[in-house]
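Engineer: These protein sequence lines are chains B and H, in that order. Numbering-wise (our numbering), the first sequence opens with residue 486 and increments by one. Numbering-wise (our numbering), the second sequence opens with residue 42 and increments by one.
Do not take every clue at face value.
In silico DSBU-like links for lysine-lysine, alpha-carbon gap of 30 Å or less [stated by the list, open to error]:
(1) K901(B) - K75(H)
(2) K815(B) - K74(H)
(3) K898(B) - K75(H)
Not close to chain B: a few residues of chain H, all C-beta gaps over 12 Å, as computed [stated by the list, open to error]:
(4) W62
(5) I69
(6) D71
(7) D105
(8) I118
(9) S131
(10) E136
(11) H154
Since the hints were derived computationally from the structure, they do not count as laboratory data. Beta carbons are placed, not taken as given, at the ideal position from N, Cα and C, and that holds for glycine.
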Amino acid sequence: MTNAINTDLFNLDGTLNIERIREDFPILYQEVNGKPLVYFDNAATTQKPLQVVEALTAYYLNDNANIHRGIHTLAERATAGFEATRDAVKTFINANEREEIIFTRGTTEGINLVAATWGATNLKEGDEIVLSAMEHHSNMVPWHMLAQRTKAVVKILPMNDAGELLTEAFDTIITPKTKLVSCVHVSNTLGSINPVKELIAKAHAVGAVAMIDGAQAVSHLDIDVQDLNADFYAFSAHKLYGPTGVGVLYGKRALLEAMPPYQGGGEMISDVSYESCTYNELPYKFEAGTPNIADVVAFKAAIDYVHSIGKPTIRAYEHELLDYAVSKLKDIEGIRLIGTAKNKVSVQSFVFSDIHHQDLAIILDKEGVAIRTGHHCTQPLMGRLGLTGTSRASFAFYNTKEEIDQFIAAIYKAIKLFR
Amino acid sequence: MATINEIQDQIIDDFNLFDEWDEKYAYIIDLGKKLQGIDPKYKIEENIIKGCQSLVWMTSNYQDGIVHYQGESDAIIVKGLVALLLKVLSDQPAEDIAKSDMYFIDKIGMQQHLSMTRSNGLASMVKQMKMHALAYQSTQA
Ligand SMILES: Cc1ncc(COP(=O)(O)O)c(C=O)c1O
Numbered sequence: 486m487t488n489a490i491n492t493d494l495f496n497l498d499g500t501l502n503i504e505r506i507r508e509d510f511p512i513l514y515q516e517v518n519g520k521p522l523v524y525f526d527n528a529a530t531t532q533k534p535l536q537v538v539e540a541l542t543a544y545y546l547n548d549n550a551n552i553h554r555g556i557h558t559l560a561e562r563a564t565a566g567f568e569a570t571r572d573a574v575k576t577f578i579n580a581n582e583r584e585e586i587i588f589t590r591g592t593t594e595g596i597n598l599v600a601a602t603w604g605a606t607n608l609k610e611g612d613e614i615v616l617s618a619m620e621h622h623s624n625m626v627p628w629h630m631l632a633q634r635t636k637a638v639v640k641i642l643p644m645n646d647a648g649e650l651l652t653e654a655f656d657t658i659i660t661p662k663t664k665l666v667s668c669v670h671v672s673n674t675l676g677s678i679n680p681v682k683e684l685i686a687k688a689h690a691v692g693a694v695a696m697i698d699g700a701q702a703v704s705h706l707d708i709d710v711q712d713l714n715a716d717f718y719a720f721s722a723h724k725l726y727g728p729t730g731v732g733v734l735y736g737k738r739a740l741l742e743a744m745p746p747y748q749g750g751g752e753m754i755s756d757v758s759y760e761s762c763t764y765n766e767l768p769y770k771f772e773a774g775t776p777n778i779a780d781v782v783a784f785k786a787a788i789d790y791v792h793s794i795g796k797p798t799i800r801a802y803e804h805e806l807l808d809y810a811v812s813k814l815k816d817i818e819g820i821r822l823i824g825t826a827k828n829k830v831s832v833q834s835f836v837f838s839d840i841h842h843q844d845l846a847i848i849l850d851k852e853g854v855a856i857r858t859g860h861h862c863t864q865p866l867m868g869r870l871g872l873t874g875t876s877r878a879s880f881a882f883y884n885t886k887e888e889i890d891q892f893i894a895a896i897y898k899a900i901k902l903f904r
Numbered sequence: 042m043a044t045i046n047e048i049q050d051q052i053i054d055d056f057n058l059f060d061e062w063d064e065k066y067a068y069i070i071d072l073g074k075k076l077q078g079i080d081p082k083y084k085i086e087e088n089i090i091k092g093c094q095s096l097v098w099m100t101s102n103y104q105d106g107i108v109h110y111q112g113e114s115d116a117i118i119v120k121g122l123v124a125l126l127l128k129v130l131s132d133q134p135a136e137d138i139a140k141s142d143m144y145f146i147d148k149i150g151m152q153q154h155l156s157m158t159r160s161n162g163l164a165s166m167v168k169q170m171k172m173h174a175l176a177y178q179s180t181q182a
């Protein structure tokens, strides 16, 4: 059973054997500008374990064929691999049925799909779409576009300065006019874990549909879409140690059944004549054309890898890293930590009043340290915080405290250069 | 007045004295700190060279065939790079600027700052400066 914990990755005392885990991520063993690479840009994309790379290679070396249509052996193997990932995703997020798992290109496409299909048929002038103050542009722009088309209105759930949504405001913002609430589960800029279960319940209480942007949540938290009672949940494989170009849109069957297709083409139809066509059943109705078969197949290896460590273990270790980093960052003169929610994942933004984030990133890169700087595709949030950008370090289970030491030393070096 | 290429060669010689990357950056940061900012009245939308990470303002005027540039950035390394470009291209004939080749950037090891991912990289600044020069040239012709 590939889902089992892999004891090989643990020490005898039950802690993670990070040295052993890092062997599965050969990309980490390199020098950048003569320094050991420290990769702290995991919220942008995670690195891929050998198992994923090998699955991708094996697919092309042994099984490549187009899926669902062929009667020959390779086509059957390719189809089986593709559909095995659907089953793995279903288990991973505890969906009720495999037909509720739709493969997309990523979180962005999943949200656009819902906006274009559910949105176009369910929204009218004056209806309200509720988003949060910390949305990624991916969960903002599709709704703005939809609002422009339908003359619906976008409303924003406020947050406090620590980066926590104000739950007491839910009832004033979410009203019977609300038709859709779409919210980020974990903020990519602040790391905040939002109370989405409560939010979804509020949405349902007024008869609205609730969508969750899970891009940053899936690698850190156990996701149970049934327990959350989410109507739609979107995420990307590449932020979950899987390949780029693959995403998942979960949707409740009844909603998906009622939605018109997103794109037309092969795969998504059952019968086509010169005059008309009937659509295929779920999930194929939303998977027009030849999908990204190889990357979907390889994505299963990423899910299995995460299972082989276990999310609670991952989260506990990442928290240790976050606490360690914060304890060191706090002591740096002139720093301000951005995103200090009580409930958060291993992401830390910060700013200096006298050092531009771009300058810092240039020097950190010289020291081998990869962080992300800028607005992190959350410009409205930057406006809310009165900032033009932040520096952000985000940690994964293959990172170490020694790397945090190198990161902190690099910041001190930068400070010496700039001040 | 030294020509564009004489100034480039001088900068390359200066940078050859540095052994370590941090000495180069310390020098560029120093240039950035010393660069006289752009007159606030020119810090307007039209003069911004847009990028994701930092802001660069560039403006110029033209007198007797010579282009004078002013530039600034809110990030200090970029501001230092702006200072280098001003050293090379400001107060030069429009014609020379338009046909200049900025080979010094490569030679002093700053080619990474040319690229597109370093938004408002040197490449877009140089392009903007040449556009100014070309525009002045055409008014003269
Ligand atoms: C919170 C959040 N939502 C959406 C996205 C978009 O994901 P993708 O670019 O994979 O579609 C990201 C990625 O940066 C993200 O962090």
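Engineer: Check the structure against each numbered hint from earlier and tell me which ones fail, lowest number first.
Structural biologist: 4, 5, 6, 8, 11
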